[in-house]
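Colleague: The chain contents come next:
Protein chains: 2
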Amino acid sequence: MTRPDPAQLSINTATLREQWTLPQIIDGCVRHGISGISPWRDQVAKAGLADVARRIRDSGLRVSGYCRGGMFPALDAAGRLAARDDNRRAVDEALAIGARCLVLVVGGLPKDARGAPASRDLGAARAMVRDGIAELLDYARSVRMPLAIEPLHPMYAADRACVNTLAQALDLCEALAPNDTDSLGVAVDVYHVWWDPSLEAQIARAGRLQRLFAYHICDWLVPTTDLLNDRGMMGDGVIDLPRLRGWMEAAGYQGAHEVEIFSARWWACDPDELLRTAKTRHVAAS
Amino acid sequence: MTRPDPAQLSINTATLREQWTLPQIIDGCVRHGISGISPWRDQVAKAGLADVARRIRDSGLRVSGYCRGGMFPALDAAGRLAARDDNRRAVDEALAIGARCLVLVVGGLPKDARGAPASRDLGAARAMVRDGIAELLDYARSVRMPLAIEPLHPMYAADRACVNTLAQALDLCEALAPNDTDSLGVAVDVYHVWWDPSLEAQIARAGRLQRLFAYHICDWLVPTTDLLNDRGMMGDGVIDLPRLRGWMEAAGYQGAHEVEIFSARWWACDPDELLRTAKTRHVAAS
Numbered sequence: 001m002t003r004p005d006p007a008q009l010s011i012n013t014a015t016l017r018e019q020w021t022l023p024q025i026i027d028g029c030v031r032h033g034i035s036g037i038s039p040w041r042d043q044v045a046k047a048g049l050a051d052v053a054r055r056i057r058d059s060g061l062r063v064s065g066y067c068r069g070g071m072f073p074a075l076d077a078a079g080r081l082a083a084r085d086d087n088r089r090a091v092d093e094a095l096a097i098g099a100r101c102l103v104l105v106v107g108g109l110p111k112d113a114r115g116a117p118a119s120r121d122l123g124a125a126r127a128m129v130r131d132g133i134a135e136l137l138d139y140a141r142s143v144r145m146p147l148a149i150e151p152l153h154p155m156y157a158a159d160r161a162c163v164n165t166l167a168q169a170l171d172l173c174e175a176l177a178p179n180d181t182d183s184l185g186v187a188v189d190v191y192h193v194w195w196d197p198s199l200e201a202q203i204a205r206a207g208r209l210q211r212l213f214a215y216h217i218c219d220w221l222v223p224t225t226d227l228l229n230d231r232g233m234m235g236d237g238v239i240d241l242p243r244l245r246g247w248m249e250a251a252g253y254q255g256a257h258e259v260e261i262f263s264a265r266w267w268a269c270d271p272d273e274l275l276r277t278a279k280t281r282h283v284a285a286s
Numbered sequence: 001m002t003r004p005d006p007a008q009l010s011i012n013t014a015t016l017r018e019q020w021t022l023p024q025i026i027d028g029c030v031r032h033g034i035s036g037i038s039p040w041r042d043q044v045a046k047a048g049l050a051d052v053a054r055r056i057r058d059s060g061l062r063v064s065g066y067c068r069g070g071m072f073p074a075l076d077a078a079g080r081l082a083a084r085d086d087n088r089r090a091v092d093e094a095l096a097i098g099a100r101c102l103v104l105v106v107g108g109l110p111k112d113a114r115g116a117p118a119s120r121d122l123g124a125a126r127a128m129v130r131d132g133i134a135e136l137l138d139y140a141r142s143v144r145m146p147l148a149i150e151p152l153h154p155m156y157a158a159d160r161a162c163v164n165t166l167a168q169a170l171d172l173c174e175a176l177a178p179n180d181t182d183s184l185g186v187a188v189d190v191y192h193v194w195w196d197p198s199l200e201a202q203i204a205r206a207g208r209l210q211r212l213f214a215y216h217i218c219d220w221l222v223p224t225t226d227l228l229n230d231r232g233m234m235g236d237g238v239i240d241l242p243r244l245r246g247w248m249e250a251a252g253y254q255g256a257h258e259v260e261i262f263s264a265r266w267w268a269c270d271p272d273e274l275l276r277t278a279k280t281r282h283v284a285a286s
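Chain order of the listed sequences is A and B.
According to my numbering, the first sequence holds residues 1 to 286 in order.
According to my numbering, the second sequence holds residues 1 to 286 in order.
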């Protein structure tokens, strides 16, 4: 097994969101010799889209993805229309910053006004996701921004994403864009899919279909003390990251290795130390 | 959709483990007119196997399952031998209390002496599980105790069970006991499998294969605040329990509906109130 190329490292900006603004994260990545970045919409909005686009262009950073579109299910037509419009804006922003793809976290059950689940119909939510992606795809295709469906861990099925396996995401790709591998693909985040008994086969399938648009890395800690914000740094958990990377490479993936760590612990750490650790661990443990 | 038959209600004794001893739980079930029970090994050990077996016989309670065997993976041959012997004792105990089946929580990655994961090789753990079930099956078959593989939620893949989907459990059944539907089947726990896009199809498959040995109910809360002990009472969460029961019934399942709720909240409640609520919700919300 070869080591990963340090030039493949990319930093998902959620990883540093509690310590730094987006301009500071851009500067930090440049200072540490990191070549890729993947910004979140809320951080872009705070810093201003035009300013962020200019800073990224000037920095020379590759943009491995833009986080995120999605959240398609809604209780009524007005809600779904609002999601559609918001997603088109996300596509435009992704274009403005030169992202490789817009990552789609598709949403779970429709929510009520207070944000609580307002339905138990997971099948209906999945149908809304399919319809929402189909509609967004027309727009994204017209401006040439690829969409990457990110299957999320089954523990998020109710509240974040009802696409929960790579097989399910690829079925959507094949159904919605059967002859168009440029416009619709998948983002493989190890945290969400590492447990899947069919992972190796589905990564190979994604490769054959030319749908591997993004690869996100971190680690699964044992014990995991929080469903949202207790992800681990590569090497600190139980995911066999070199093996998963090997499956990605065997499937033809040569893109970025995007470090995305939601972690109350890491958010409390010195951000320069975090980036140094991410660089080291990327090579040594992923 | 018809209502569930109250006579199908069974109480998994983990649900009341913090309030009552096993003899108290048996008495409580009888007092509340509940017809089934599913005891845990540690509670049986504390009360004494012979005494528990006599009490259950005298109570007339049906024993919908015995929790639990499994935990097959180990770092070395000695560890796997210890698991084998312990699992044979679990089979004997299940026989002594007249259980419908021994439920298998198969184990995750091998652990070190302090109980921490000592490997990242999930594939190897799954192979140990397959071998462990195969070996236990010979013994269980000889004494006519059915084994029920329980797929656990993917969030437990590392530390509790590396069988994480119903499809995976059924593949094991077909591989290990191809012509013997009496000895090896599955336990379907809604908490673990409700998110699965292939659930309806896999329940139907399990029915065709005559492998549906047990059905466990509770609910998935949003938000879930703890990975282990924040399960919900039926009706308090997002699982479409009547729909899932419909799939089980369409697949031919007519057995118990076993309430298994690991919940710090419910463990702090009056146990009689808990049983009253479980009875009501079983009919009204499952």
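In case anyone wonders, no lab produced these hints; they're calculated from the structure.
This structure is a prediction, so every number in the text was calculated from the model and none was measured.
Fair warning: there could be bad hints in the mix.
Identical copies go unnamed one by one, so any copy, or any two together, can satisfy a pair.
What the hints assert, rightly or not - Derived pair list, reagent style DMTMM-like, types lysine to aspartate or glutamate, alpha-carbon separation capped at 25 Å:
no. : residue 1 : residue 2
1   : 279       : 112
2   : 111       : 272
3   : 279       : 135
4   : 111       : 236
5   : 279       : 180
6   : 111       : 226
7   : 46        : 180
8   : 279       : 131
9   : 111       : 58
10  : 111       : 135
11  : 111       : 180
12  : 46        : 226
13  : 46        : 58
14  : 111       : 240
15  : 46        : 86
Colleague: Hint by hint, note whether the structure agrees.
Modeller: Taking the hints in turn, this is what the structure says about them:
1. 279 x 112: Cα proximity of residue 279 and residue 112: none, with 42 Å in one copy and 29 Å across.
2. 111 x 272: neither (38 Å within a copy, 34 Å between copies)
3. 279 x 135: neither (39 Å within a copy, 45 Å between copies)
4. 111 x 236: between (35 Å within a copy, 16 Å between copies)
5. 279 x 180: Cα proximity of residue 279 and residue 180: none, with 35 Å in one copy and 53 Å across.
6. 111 x 226: Classified as both; 22 Å inside a copy, 22 Å across copies.
7. 46 x 180: neither (34 Å within a copy, 62 Å between copies)
8. 279 x 131: neither (40 Å within a copy, 40 Å between copies)
9. 111 x 58: neither (40 Å within a copy, 49 Å between copies)
10. 111 x 135: within (21 Å within a copy, 48 Å between copies)
11. 111 x 180: neither (32 Å within a copy, 46 Å between copies)
12. 46 x 226: For residue 46 and residue 226, the Cα distance exceeds 25 Å both inside one copy (27 Å) and across copies (32 Å).
13. 46 x 58: Only inside one copy: residue 46 and residue 58 sit 19 Å apart there, 69 Å across copies, limit 25 Å.
14. 111 x 240: between (36 Å within a copy, 16 Å between copies)
15. 46 x 86: Close inside one copy (16 Å), not across copies (58 Å); limit 25 Å.
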